[in-house]
Amino acid sequence: MSIDLTDDVVLRAERRCLAVRCGGYGPYGGLVRAAAAELFTTMFPRFVNHRGSGALIEDVDAFFLLHGASRGAFVQMGTEFVAFMQQRLGSSVSRMVLEYEWTLFDVEVHPAVVRRAHEVVGKDGLMLGLNPTLRFIAVPSTLVGDDPISVEALALPPSTYGVYRTADHQVLTKPLGPSDIAGLRPFEAGPARVYGPLDTWLVEALNGDLLTVFT
Amino acid sequence: MNVHDRGLGLRREFASALAWGPTRSDVDFLEVVPDNWMGLGGESAQVLEAIAARYPMVAHSLSLSIGDAQPLDWSYLGAVRSFLDRYGIETYSDHVSMSRDSRGYLYELIPVPRNEASLRLMVEKVKAVQDFLARPLALENVSYYVEETGQMGEAEFLSRLVEDSGCALLLDINNVHVNARNHGWNAREFLQALPEDAVSYYHMAGHLDLGPDAQMLDTHGTEVSAAVLQLGALAVRRFGRQPVVLERDNFVPSLDELCVELNAVHRAMTGSAGSPA
Numbered sequence: 001m002s003i004d005l006t007d008d009v010v011l012r013a014e015r016r017c018l019a020v021r022c023g024g025y026g027p028y029g030g031l032v033r034a035a036a037a038e039l040f041t042t043m044f045p046r047f048v049n050h051r052g053s054g055a056l057i058e059d060v061d062a063f064f065l066l067h068g069a070s071r072g073a074f075v076q077m078g079t080e081f082v083a084f085m086q087q088r089l090g091s092s093v094s095r096m097v098l099e100y101e102w103t104l105f106d107v108e109v110h111p112a113v114v115r116r117a118h119e120v121v122g123k124d125g126l127m128l129g130l131n132p133t134l135r136f137i138a139v140p141s142t143l144v145g146d147d148p149i150s151v152e153a154l155a156l157p158p159s160t161y162g163v164y165r166t167a168d169h170q171v172l173t174k175p176l177g178p179s180d181i182a183g184l185r186p187f188e189a190g191p192a193r194v195y196g197p198l199d200t201w202l203v204e205a206l207n208g209d210l211l212t213v214f215t
Numbered sequence: 216m217n218v219h220d221r222g223l224g225l226r227r228e229f230a231s232a233l234a235w236g237p238t239r240s241d242v243d244f245l246e247v248v249p250d251n252w253m254g255l256g257g258e259s260a261q262v263l264e265a266i267a268a269r270y271p272m273v274a275h276s277l278s279l280s281i282g283d284a285q286p287l288d289w290s291y292l293g294a295v296r297s298f299l300d301r302y303g304i305e306t307y308s309d310h311v312s313m314s315r316d317s318r319g320y321l322y323e324l325i326p327v328p329r330n331e332a333s334l335r336l337m338v339e340k341v342k343a344v345q346d347f348l349a350r351p352l353a354l355e356n357v358s359y360y361v362e363e364t365g366q367m368g369e370a371e372f373l374s375r376l377v378e379d380s381g382c383a384l385l386l387d388i389n390n391v392h393v394n395a396r397n398h399g400w401n402a403r404e405f406l407q408a409l410p411e412d413a414v415s416y417y418h419m420a421g422h423l424d425l426g427p428d429a430q431m432l433d434t435h436g437t438e439v440s441a442a443v444l445q446l447g448a449l450a451v452r453r454f455g456r457q458p459v460v461l462e463r464d465n466f467v468p469s470l471d472e473l474c475v476e477l478n479a480v481h482r483a484m485t486g487s488a489g490s491p492a
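Protein chains in written order, with this note's numbering: chain A, 1 to 215; chain B, 216 to 492.
One should not assume that every hint holds.
Just a sample of chain A residues kept apart from chain B, beta carbon distances all over 12 Å, derived [as the list claims (entries may be wrong)]:
1) ARG15
2) LEU31
3) THR133
4) HIS169
Here's a subset of chain B near chain A, in silico, CB distances under 7 Å, partners left out [to be verified]:
5) GLY256
6) GLU258
7) MET313
8) ASP316
9) TYR320
10) GLU323
11) PRO328
12) VAL338
13) THR434
14) GLU462
15) ASN465
16) VAL475
17) ASN478
18) ALA479
Source of the hints: derived by calculation from the structure; they are not laboratory data. All of these numbers come straight from a predicted model, not from anything done at the bench. Backbone N, C-alpha and C define an ideal beta-carbon position, used for all residues, glycine too.
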């Protein structure tokens, strides 16, 4: 299909949108920013709380001035805000908080179906694999709790966690010790068949949905 | 439209109640915003699957940006088509607006320049969208807060868009009321200026009125006002009894309260007690 994009149409539309990006065109510059700030506050509440409302206003303003989102839906808008802020924040506590909250959100809406495995634990020759929503992160322990975030607390050495969604849609951040990492390693490359009685770790990993059964 | 009379804009606040609670007899269908559900897994997907199995749905998107000056976003349209096919949705609508420039998307419905060139471009785009989706497209009149001089009147622009492209009009009664008040024209004359067979369904919503010296805002955050209900009844007399959707996006009350309001709105517009279904 060929659509005739005349210069006049393009110029008028571009002028309106540019005015909005710059904060004007009647109330639209403000409406766009208010809607985005509300969205980001809903998606990343701890980041916004840590960053402060004044800084968020400046961030949102810069986002519309400097960035062109490739999609209009809220998921993509939030994701592109994170990518934009990664550049803006550099290496900082705020960036760590934002990335962690984005990981929680990404896991929550991941399109994969998580199958409950505990009903088949007694069977032999099961094809087991990592929970398809599982993400590994290394962050200070203070980040994953509900305590207020402080710069000092986040200076602690990082620990390893697995963030994943259970079959009943709970998003968990599970600390991973050496035995967990060793237990997960055989499945890093993909699902693997397991013969014989399952050891305690495998049973617990299946019961907790860290691992799941593939057919 | 293969749905009945009384529709409710689907919100996450009450999606689980619709998915898992008793099937309601006081709402006939739901209007879902694809942009808020497409590509999401987990609980969102499960809830929407359950709702789709219990209620007819129509789709009302936010990012078609049919009035912008960019080529159509075929990737977005492909995702919309997959969504419509997956849930068996035949009725699809978006807005007479733009939300994108050459740099990318904005998060708002910005009014379209109303001139001949813009109209011709929109007509071409509407036809292409309808061909691609293999469904009729309905477009909603939006509320707008800036009126540039020298533009075509909104009623003329919408009428010609409908007639030249073959799309339908999703008539948002509240937006007519808000625009009439903000820009000083007559809402009844506006309705009279639209083609009688243009409207495929109605939106009803609340607005924020901060007084005569401030612009009225289309907030979807209050109950539908008496003036909008009266205008809705007039619209039904002119365009016929079509499905009506109650939208509520801010200060969302309980599902029970919304359904009570939906039925009151429906009665006020049609004089009817509810769906024959």
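Checklist entry - Which numbered hints are broken by the structure, listed smallest first? => result Failing hints, ascending: 1, 2, 3, 4, 12, 13, 14, 15, 16, 17, 18.
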